[in-house]
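If you read the protein sequences in the order shown, they are chains C and W.
At position 110 of the first sequence (counting the first as 1) the number is 147 in our numbering, and the numbers step up by one without a gap.
At position 172 of the second sequence (counting the first as 1) the number is 184 in our numbering, and the numbers step up by one without a gap.
Incorrect hints may appear among the rest.
[What the hints assert, rightly or not] Here are the computed lysine to aspartate or glutamate pairs in the DMTMM-like style, where the Cα-Cα straight-line distance is at most 20 Å:
1) C/266 / C/296
2) C/204 / C/240
3) W/125 / C/420
4) W/67 / C/420
5) W/67 / C/438
6) W/199 / W/131
7) W/125 / C/438
8) W/67 / C/422
9) W/67 / W/32
10) C/440 / W/106
Keep in mind that the hints were calculated from the coordinates and are not lab data.
Because the structure is a prediction, the values reported are computed rather than measured.
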Amino acid sequence: MSGLLQKNIDLAGSNIPWLEGLRDKGREAFILPTAKTEAWKYTKLRDLSADDFVLSGTDEDKSHGEEHCTCGQGECHCHHHHEPQTNLPFAGYEIHFENGILQTLAFDLPKGVMIKPLMEAVFDGDDVKKYLGKDIDLASYPFAALNTAYLEEGVYIEIEEGVILSKPIILINHTHSCHQNIMAYLRNVIVLENDAKATIIEDFEYTGEEKSRYFNNIVNEIYINKQAKLEHYKLQNEAYKAVHISLSSVRVREGGFYESFCCQKGANLARNETKISLKEEHAEAVVNAVYLMNGWATIDTTTDIEHLSPNTKSQQLVKGVVGGNAKGVFQGKIHIAPNAVKTEGRQLHKALLLSDDAEIDCKPELEIYADDVKCSHGAASGELDKEQLFYMRSRGIGEEEAKRILVEAYLNDVINQISQEDIKTWMLSQATINQEEK
Amino acid sequence: MSKTPLLEIEDLCARVADKEIVKDFSLTINEGEVHAIMGPNGAGKSTLSYVLCGKPGYEVTSGSVRFKGKDLLSMSVEERAREGLFLIMQYPVEIQGVPVTTFLKHAVNAVRKHQNLPELDTMEFIKTVREEGKKLGITPDMLKRPINVGFSGGEKKRLETLQLAILKPSLAILDEADSGLDIDALKVVAEGINAERNEHNALLVITHYQRLLNYIEPDYVHIYADGHIVKSGDKNLAIELEKNGYAAFVKEQ
Ligand SMILES: Nc1ncnc2c1ncn2[C@@H]1O[C@H](COP(=O)(O)OP(=O)(O)OP(=O)(O)O)[C@@H](O)[C@H]1O
Ligand SMILES: [Mg+2]
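Pulled out of the complex, with its shape left as it was, chain C reads as follows (with noise of 0.2 Å):
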């Protein structure tokens, strides 16, 4: 079977009639970008229709017999129940995902907080309801309508009024498909009452065999109350022919504060995408970013952040390196309500281009329609300085660790915001180039 929409495919709750109208309307919803949509003409789609994927978990995925198995060891563990397993190195509440299917949940939560199948907060008759795709456009959103018109999995989670988690909420999808081309759709549902805080790290990774093609589709819906604080924290690690497409869609009221920070380092096709409404007074956005690259990459980091209250103030720094033929794609958006005066909106986009044949395309929106704002954005590339290399290497240093020192160098002033000391030398470690594969 092939396309991104498919038919008869079985999806839990199908009985549940909105569940299955929110479905149906993402499916209506759902048309490829062509290179003429606006919101893709810098991240080219290419040949995502023509890749027989495969939906993770169904039948037809499980169907392969050992003799197509590509994995050459005989025997396929592609669908075998791995131990979930982390390599990160601070303790959190984990969830653990396989090839975007629900595994383990964590336990031992504290008073306050819940963490559920997203099929069972529907089924239990949760305030899910009320959340699932209410901020999002699904005309305007293509991939959110794709990711709609599969919604089964993912987690709903809920921090009660005025509870403070002091460790992390860890969602880590681990993919390691390798015998056919796989699609996978993850939905997030996480919601902050009023003066809560907490933090949610995402961790994607691929751990198969061989490096098959594959397609994460991941949407959030985060609904942040007065008060309440969240900070999101994203690791994109994928294999290197991977398509990652995500969607963080984030309502802030009053006094909320949402900070983010992603690094993006993996995938053949990347786009990691923030629309931040800042609803009310004194609501607040960080949306910081860096992502590296190498080989024919094209990572895109889009953001559209509104503001539609007077007090709201938003920040953005972002910063790519990119070398081979690889290609970055920085879109950023801000929009200022007419009523929403006394505002703060900057935005920074800044790459390194390692090679000649490296690209960036880079697109600042601002949309002002209040006076007395303060607003900035700004962009700038450039390559490696010639001098600083030859000055570390007069000492010895190897060109290549030269090149690695001056990188980690040049992203170590947005990584140095994060605010919690182990995820910030966690995502020190992390941003490096990952080695360049045939």
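Chain W with the ligands: place on chain C using the hints.
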């Protein structure tokens, strides 16, 4: 007793940006010796030191250079450094985001790896750097700052000297190590360099002033003009130059 040559330069010609700068330059430096090179601005002294270090863009057109008996010109920049060649640069480079100590640690370990020695213990290393730094008037606070960024001219030269003290090269080229130093700092830096001297290493001191040579006494002084050495002598040649200038040695343009 016959001397062991450390650096042997023979008829070296080199150019930068299609301009012939080093012309038929020959010089042999033996272990334990101090050579001084003096010459007018623009004569090509810095160019010569960059050529010896293998800086990209500096092209050797003819001649040969042997370092410890090996062909220096076929080595990469980092190989030369690991073999024991070191240059105190006239204009040290600023590197934002790389603290002095981190930088030094990378450099030391790269050199040690080349010598098949294990990496240094971090605590031990930091202690050594602090002690050496103290001798040169470099505070622990400065060691945490990004290398050379915002350092004064004199502070940069002290940092270069600190690197020399840590890396312990066989041959150090000092390209105007004295420029930008106040009178007291000149003494501190010179003492720092002298402390590293022994019968197996050597110095090539490029300077405009006799003053540095009062502290680091040269065995030979060479006058460099028009791409090569036009006259060699002992330390008295430097004193003579200080008095009369280059006019007697450099032909009129
Ligand atoms: N990259 C370059 N492109 C063009 N000309 C160069 C380049 N590098 C050096 N030169 C020229 O080569 C000549 C020698 O320069 P160099 O810096 O070696 O002189 P120097 O003897 O060190 O002078 P100073 O005493 O002023 O330090 C100068 O005329 C300089 O302008
Ligand atoms: Mg010079």
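Tested hints:
no. : hint          : result
1   : C/266 / C/296 : holds, 8 Å
2   : C/204 / C/240 : holds, 16 Å
3   : W/125 / C/420 : violated, 29 Å
4   : W/67 / C/420  : holds, 18 Å
5   : W/67 / C/438  : holds, 17 Å
6   : W/199 / W/131 : violated, 33 Å
7   : W/125 / C/438 : holds, 13 Å
8   : W/67 / C/422  : holds, 14 Å
9   : W/67 / W/32   : holds, 16 Å
10  : C/440 / W/106 : holds, 15 Å
Figure legend: structure checked against the earlier numbered hints; hints not met, in rising order: 3, 6.
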